[in-house]
Amino acid sequence: MNWHNVKLVFHRELRDQLRDRRTLFMIMVLPLLLYPGIGIGMVQFTVLFVEQPRQVIVVGREHLPDFPPLIAVDRFVAELFEVPEEAEQLQIVSDEGAAQRLQDGEVQVVLFVPPDTREKIARGEAVKLETHYNYADEKSRIAYLRLKEALSNWSDLIVRDRVESKSLPPDFIRPVEFKEQNIATAQEVSGGLVWAKLFPFLLVIMSLTGAFYPAVDLCAGEKERGTIETLLISPAARAEIVLGKYLTIFLFSVATAVLNLASMATTGWVVAEQMQRAVPNNERLADFQPPGLDCAGWVLLLLLPLAAFFSAMGLALAAFARSTKEGQYYLTPLFLVTMPLVLVTLAPGVELNAFYSVVPITGVALLLKSLIQGHYDVALHFMTLVLLPTALYAALAIRWAIDQFTREEVLFREAERFEPWLWARHLFRDRGAFPSAAEAIFCYAIMLLLVWFLGGFLGPTGAADATARQAALQRSLVVMQIAFVATPAIIMGVMLTNRPRLTLLGRWPSWGYMALAAALAVALHPIAVEASEHIQRGLPSQPKWVAEQLEQLLGGGQPLWWQLILIAALPAVCEELAFRGFILSGLLRRMSVFTAIIVSGFLFGFFHMNPQQLLTTTFLGWILGVVATRSGSLLPGIVFHFTNNALALLMANFQSHMEQAVRAGAAGEPLVRLFDALFRQPTTGEFAHHVPYRVHVLLLCAGLATLVLTWLLKQPARSPAVTLSDNSGDDARALDPDAAVSRSSTLRSAPVAPSTGLARGSPHANV
Amino acid sequence: MIDVQNLTKTFLDLRRGEVWAVDRISFSCRSGEIFGLLGPNGAGKTTTLRILSTVLRPTGGRAMIVGHDVVREAAAVRQKIGYMSASTGIYDRMTAWEMVEYFGRLYGLSEDRLHERMEHLFDALQMNGFRDQLGSKMSTGMKQKVSIARTIVHDPPVLIFDEPTAGLDVLVARSVVEVIRGLRAQGKCIVFSTHIMREAEKLCDHIAIVHRGHILAAGTLAELTDEHGENDLEELFFQLIRRHDEKAGSESLIANR
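Taken in sequence, the protein lines are chains Y and E.
Using this note's numbering, you'd call the opening residue of the first sequence number 93 and step up by one each time.
Using this note's numbering, you'd call the opening residue of the second sequence number 168 and step up by one each time.
Wrong hints could be hidden among the right ones.
With a Cα cut of at most 20 Å, we get these calculated EDC-like pairs of lysine to aspartate or glutamate [what the hints assert, rightly or not]:
1) Y:K212 x Y:E154
2) Y:K99 x E:E413
3) Y:K240 x Y:E222
4) Y:K99 x E:E265
5) E:K304 x Y:E154
6) Y:K417 x E:E265
7) Y:K99 x E:E278
8) E:K304 x Y:D112
9) E:K310 x Y:E316
10) E:K310 x E:E268
Distance windows between CB atoms, simulated [what the hints assert, rightly or not]:
11) Y:G548 x E:V186: 41 to 47 Å
12) E:A389 x Y:S415: 43 to 49 Å
13) Y:T815 x E:G354: 49 to 55 Å
Residues from chain E shown here face chain Y by an in silico Cβ test under 10 Å; the list is partial [stated by the list, open to error]:
14) V222
15) A242
16) G386
17) A389
Since the hints were made in silico from the structure, they are not lab data.
Think of the CB as a built atom: it goes at the ideal place given N, C-alpha and C, for glycine as much as any other residue.
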């Protein structure tokens with residue numbers, strides 16, 4: 093990396109952006125004008141705009157008692173309102189045609205006073221005052237609420253009179269008094285109520301837009317103006333160019349956010365001051381007091397990782413875009429993906445924990461929230477866990493952007509009409525021996541979509557009884573595995589590849605691998621159980637219905653073999669076909685064996701859509717990837733998968749069975765002794781449902797697993813997608829004479845074209 | 168200086184499948200020589216030159232520039248060449264001077280050497296009149312001059328010009344041709360593509376006629392006319408292309424049978 097070049101590119105791009113009137117306007121001028129403008133508007137509307145008094149008709153006013161007074165001339169008595177000035181907001185008008193005028197919206201409320209009111213109140217009886225208003229009209233509703241307040245206070249005065257007349261103490265009607273003590277600090281109040289929620293939100297929006305527009309101009313704009321090639325033929329390496337651009341975008345992202353927030357804060361402060369002066373002692377305004385300087389410091393600090401992340405994302409998307417127009421299209425989806433990640437932090441009860449920390453954007457937003465609220469211990473605890481992944485995501489996005497800059501089809505994409513039919517035909521006609529990485533990801537996306545959208549319809553309906561529910565649950569499991577997992581992989585394997593059997597790893601492995609896979613599954617099972625138990629404690633607990641559904645699925649005396657088929661055999665076959673078959677074979681075409689295994693593991697983990705299981709299933713996905721690539725066959729993976737799932741089922745049965753046996757006093761029996769050797773009694777702190785393994789069992793298993801894994805990792809990759817592919821897509825020819833002649837390139841690369849080749853030559857043999 | 172062997176480039180087209188944009192092209196060019204690629208639009212000239220400039224990677228074959236492989240030593244190759252084509256535009260929001268200066272710095276020239284060189288180039292190309300004018304405000308001719316200055320600011324031994332006169336008026340085109348001729352006199356190795364016969368005739372020491380990714384014929388102008396018994400380059404050009412297309416047509420007929 094030549095930093096001199098990075099600096100040169102950075103300086104140029106910076107100057108370029110500063111000369112661009114649009115960028116300058118968006119970033120510098122707009123915030124300086126916009127917020128003061130909004131501020132002035134707000135002051136005008138809320139302070140200087142005097143609320144019109146609402147019209148009230150009191151029918152039968154003459155029946156009101158003289159004491160306590162309700163009405164003084166054409167207003168209600170000011171003392172009846174909590175804020176005495178509000179009395180001015182209700183004007184009492186003459187009572188002609190009350191009903192009609194209320195209907196027409198001329199008056200807002202009509203109060204009917206019955207003729208015997210004075211007498212009833214004097215006698216200490218109750219009167220019924222009827223009030224008519226229009227709920228659909230906001231003005232009428234507000235006037236009604238004000239009137240209600242006055243009437244309620246008026247009623248209290250009458251009660252006080254009555255109490256006094258009976259010579260009772262005034263507290264007679266108020267036997268309980270409430271007194272509250274608020275322990276929140278001023279920082280928590282000002283931070284907690286508005287700013288802690290608002291700042292992360294604003295920061296995300298601003299750093300995102302601040303990054304995006306320059307990114308589009310610097311990448312897609314450069315393509316559009318035809319200068320990208322000029323830059324690419326300079327000695328600067330692609331990484332240097334991308335980094336120079338990245339730094340520019342980052343700077344603009346930070347500057348946009350800082351300027352916006354500064355302008356907003358100044359405006360907010362000025363508005364608050366003015367409001368304070370206009371409406372003194374307004375309690376609600378206290379909540380909006382701008383937070384202190386330390387808060388500004390935290391905002392600035394956490395702006396950096398956010399800006400770093402968004403700059404990288406914007407850069408990568410903009411590098412992919414062909415024109416600035418196309419680039420700007422990508423802003424909306426990016427926003428749509430980003431917003432839920434911030435909005436989740438606004439939900440009550442969402443606080444920083446291990447899981448949210450690693451979620452992009454959400455982690456940073458929650459960290460900022462806890463810093464603004466002054467929860468420094470929590471913030472410090474999760475600081476690294478938030479910042480490291482964010483840095484990693486940013487680095488990955490930059491890597492992706494650099495990758496875009498080296499890809500010819502991205503750099504020199506021409507605007508061509510997109511024709512789905514042609515595309516589909518091309519996929520089928522020009523299919524290779526193995527699926528491409530894009531096809532693998534597409535297959536995964538289809539599986540996810542099917543499970544998401546159709547999976548919900550398969551489950552039991554609410555009203556069904558237990559047996560029907562069980563049948564429906566089992567049916568949905570079978571359909572999901574076969575139709576949504578295995579079938580897409582098989583269909584795509586047959587349609588999109590020349591060698592579907594090898595793509596899906598359909599060949600016999602050596603028996604050693606089968607045995608090893610089973611042994612590995614047995615050895616890893618206790619470790620996985622303990623690990624996931626530990627992980628689950630750090631996470632929000634699983635909703636109840638998950639456990640209930642499992643109970644419903646398997647409960648009620650199902651035969652064991654049927655349970656094993658449902659839980660172990662079926663997923664083992666279907667998921668292996670999809671994940672280690674089609675998807676891993678596809679990923680191997682584009683990535684190194686290591687990366688492909690890692691990525692397929694993540695896909696596998698995420699597919700289970702269960703945060704509690706995410707880490708464990710991802711880990712198992714990696715192990716399965718190793719087993720599949722090393723053996724070059726699907727079967728050892730199926731054996732592993734089956735053993736793993738079956739063990740989970742059997743051990744649960746075994747445990748509950750044994751616990752009963754132990755309680756029944758069956759100590760000394762061989763099975764009970766085996767149980768004692770494997771498990772220790774749970775201590776009181778541990779979950780009741782979990783019987784922990786003994787430490788030496790775990791150590792033994794870990795040793796065995798390490799041994800097997802080390803040996804496996806030393807083996808060469810035997811996946812057909814690795815061994816039979818030279819990564820250029822010409823692999824089919826080496827394998828298959830039939831495939832060879834169907835592709836024109838053989839004809840051309842071979843000095844003497846075989847006669848069969850000529851005879852069956854392709855349309856572009858002579859282009 | 169430039170040595171190209173069996174250079175091949177294929178890309179994927181949805182309609183036509185795999186397309187052979189450049190099909191086993193070989194040629195070489197020495198210092199003080201101009202090698203011309205003459206061919207109609209879409210013949211594969213630009214693709215070939217883009218491979219030489221390291222922007223595209225060849226599918227097959229090999230290209231060496233001043234002893235460096237364009238794929239494995241791309242950075243070294245970029246340092247040694249100056250490349251100009253219709254798609255190497257200049258920045259709108261940079262002045263002529265800044266533009267040339269920027270690229271000179273990217274080539275790692277020292278500030279003294281760079282400014283000395285720039286003064287010389289701005290004089291020689293008569294660019295002092297629009298030194299501080301922004302790219303967006305320049306005429307096509309001015310832009311082309313800035314591009315040329317940008318191409319040769321680091322005084323590279325190899326120069327690649329892809330249709331440098333396309334879209335220029337006669338006067339500017341003529342001065343561009345003069346510049347290229349001057350560069351040859353300085354001993355540069357120059358590859359030059361055009362679809363204009365007259366330019367190729369006037370300028371090139373060696374000419375290769377390119378059509379549909381193939382070199383149909385190559386040699387000096389004299390060799391070409393002697394070999395094919397046709398004195399007029401234009402006639403020769405059309406003959407070769409017609410013959411090639413006829414042959415291709417009959418072959419594909421056989422192939423499809």
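Hint check results:
Annotation: proposed proximity of K212 (chain Y) to E154 (chain Y) holds, straight-line Cα distance about 14 Å (limit 20 Å). Taking the CA atoms of K99 (chain Y) and E413 (chain E), the gap is near 56 Å; set against the 20 Å cutoff, the hint is violated. For a cut-off of 20 Å, the pair hint linking K240 (chain Y) to E222 (chain Y) stands: about 11 Å separates their Cα positions. A C-alpha spacing of about 15 Å is found between K99 (chain Y) and E265 (chain E), which places the hinted pair at or below 20 Å, so the restraint holds.
Using a Cα cut-off of 20 Å, the hinted pair K304 (chain E) and E154 (chain Y) is violated, with the two alpha carbons roughly 85 Å apart. Of the supplied pair hints, the one linking K417 (chain Y) and E265 (chain E) is violated, its CA atoms being roughly 28 Å apart against a limit of 20 Å. Our distance criterion of 20 Å between C-alpha atoms is met by K99 (chain Y) and E278 (chain E), whose separation comes to about 15 Å. This hinted pair checks out: K304 (chain E) and D112 (chain Y) have alpha carbons roughly 14 Å apart, not beyond 20 Å.
Between the alpha carbons of K310 (chain E) and E316 (chain Y) the distance comes to roughly 17 Å, so the proposed pair stays at or under 20 Å and holds. Only pairs whose Cα atoms come within 20 Å are accepted, and K310 (chain E) paired with E268 (chain E) is accepted, the gap being roughly 15 Å. For G548 (chain Y) paired with V186 (chain E), a C-beta distance near 46 Å keeps the hint of 41 to 47 Å intact. Between A389 (chain E) and S415 (chain Y) the CB atoms are about 47 Å apart, so this pair conforms to the stated range of 43 to 49 Å.
Between T815 (chain Y) and G354 (chain E) the Cβ separation comes to about 51 Å, which falls inside the hinted range of 49 to 55 Å. Hint status for V222 (chain E): holds, given a least beta-carbon distance of 5 Å to chain Y, under 10 Å. A distance limit of 10 Å between C-beta atoms decides the matter here; for A242 (chain E) the minimum to chain Y is near 6 Å, and the interface restraint holds. The beta carbon of G386 (chain E) is not positioned within 10 Å of any beta carbon in chain Y (closest approach about 24 Å), and the interface hint is therefore violated.
Interface hint at A389 (chain E): violated, since its Cβ lies 31 Å from the closest Cβ of chain Y, which is beyond the 10 Å cut-off.
Hint compliance for this structure: hints 2, 5, 6, 16, 17 are not met, and every other hint is.
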